[in-house]
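Participant: Sequence:
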Amino acid sequence: MRYLIEHETVLEYPQTVREHHIELRLAPRSDRRQNVLSCSITTEPAAELSHYLDYFGNRVDYFCVIPPHSRLVTFLKSEVETMQENPFSFEAVPPGEELQWLHQAVRATPSLNDYILHRSLVTPTSMKLAEAISTALPRWQRERPLLDSLLELMAWASGQLEYRSGSTEVHGSLVAAVRQGNGVCQDFAHLFITVARAWGVPARYVMGYLNPGVSAEEALTTHAWAEALVPGAGWVGFDVTHNLLSNDHHVAVAVGRDSYDAAPQRGSFKGDTAGTQPTVTVTMQEQ
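Residue numbers (the working numbering): 28 to 314.
Treat the hints with care, as some may be off.
[To be verified] 20 Å max Cα-Cα, derived SDA-like pairs, lysine to any residue:
1. K155 - P165
2. K104 - I143
3. K297 - C91
4. K155 - W183
5. K104 - L247
6. K155 - S185
7. K104 - T306
8. K155 - K297
9. K297 - S97
10. K155 - K104
11. K155 - E170
12. K297 - K104
13. K155 - G208
Simulated from the structure, these hints should not be mistaken for laboratory data.
For clarity, every value in this text was computed on a predicted model and none was experimentally measured.
Based on the sequences and whatever the hints tell you, model everything.
Facilitator: What follows is the structure, given as structure tokens:
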């Protein structure tokens, strides 16, 4: 499928700020599942952008606005073609060989340990998570394909929270979200990631865009899901919020250990004012 994506972020401050340095993770990725046909980013006030690839392979566009200003706008326009109609289409590894496959993958690429060992407020230890949940955490049934256990984990995690826009803070505590029983897409993804890592399975966070035909409400902003490393398939996306595998309705932008690594925008400035919540507008149209 082909999509035209537009993403506008507006920051307005009660007083002027200066020496404003901004990093953006907005440009969609190009990989075996999607191809970026075009991508442009503009700013107001106008600024010259540069870019680099971060540790996780994300494109980071960065710029600075030195003169005093009280409003900053960033605007992304990108055309992307997705190519993953059937996420189940891969050559499976027998269940008895999957653990060895994962061990070999980690030995060959030691950085995968980042997606197993990392713990944070949003991806806590399984012990802390279990204390907040009245039922036992799901387990990997190793006599069955790992994908089956991961699908069951996704269904379980999807049922632990009720989706409620604005119910949790950005980068807020997963334990707090579980205890209150509701959250947003980031919380669903972090819940899945936390349990998968407890199994010893590499799992990472994905920030991107979702076809409004799947969820009109979430299409107004960025979306989040999880990916787990599945023997024979590589990275497989799990949209826990909607209890489905990611497919050609999903456009990935940035990946990381958790939402901290894949934040769409971050920055710093000088001025006698506090930070402000951005106003974000996203449109995603099929072409």
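Participant: It remains to establish, for every hint, whether it holds in the given structure.
Facilitator: Status of each hint after checking the structure:
1. Under the criterion of a C-alpha separation no larger than 20 Å, the hint pairing K155 with P165 is consistent with the structure, at around 15 Å.
2. This hinted pair does not check out: K104 and I143 have alpha carbons roughly 34 Å apart, beyond 20 Å.
3. For the hint linking K297 to C91, the alpha-carbon distance of about 12 Å falls within 20 Å, and the restraint holds.
4. At most 20 Å may separate the alpha-carbon atoms for a hinted pair to count; K155 and W183 meet this at roughly 18 Å.
5. Taken as a hint, the K104 and L247 pair is honoured in the structure, with Cα atoms around 15 Å apart against an allowance of 20 Å.
6. At roughly 19 Å between alpha-carbon atoms, K155 and S185 fall within 20 Å of each other, so this suggested pair holds.
7. Annotation: proposed proximity of K104 to T306 holds, straight-line Cα distance about 17 Å (limit 20 Å).
8. A threshold of 20 Å between alpha carbons decides the hint, and for K155 with K297 the separation of about 38 Å lies outside it, so the pair is violated.
9. For the proposed pair K297 and S97, the alpha carbon gap of about 12 Å is at most 20 Å, so the pair holds.
10. For the hint linking K155 to K104, the alpha-carbon distance of about 41 Å lies beyond 20 Å, and the restraint is violated.
11. Among the hinted pairs, K155 with E170 is inconsistent with the structure: their alpha-carbon atoms are about 27 Å apart, more than 20 Å.
12. Note on K297 and K104: the hinted pairing is violated, with a Cα-Cα distance of about 29 Å set against a maximum of 20 Å.
13. Restraint check: the Cα-Cα separation between K155 and G208 comes to about 16 Å, which is no more than 20 Å; the hinted pair holds.
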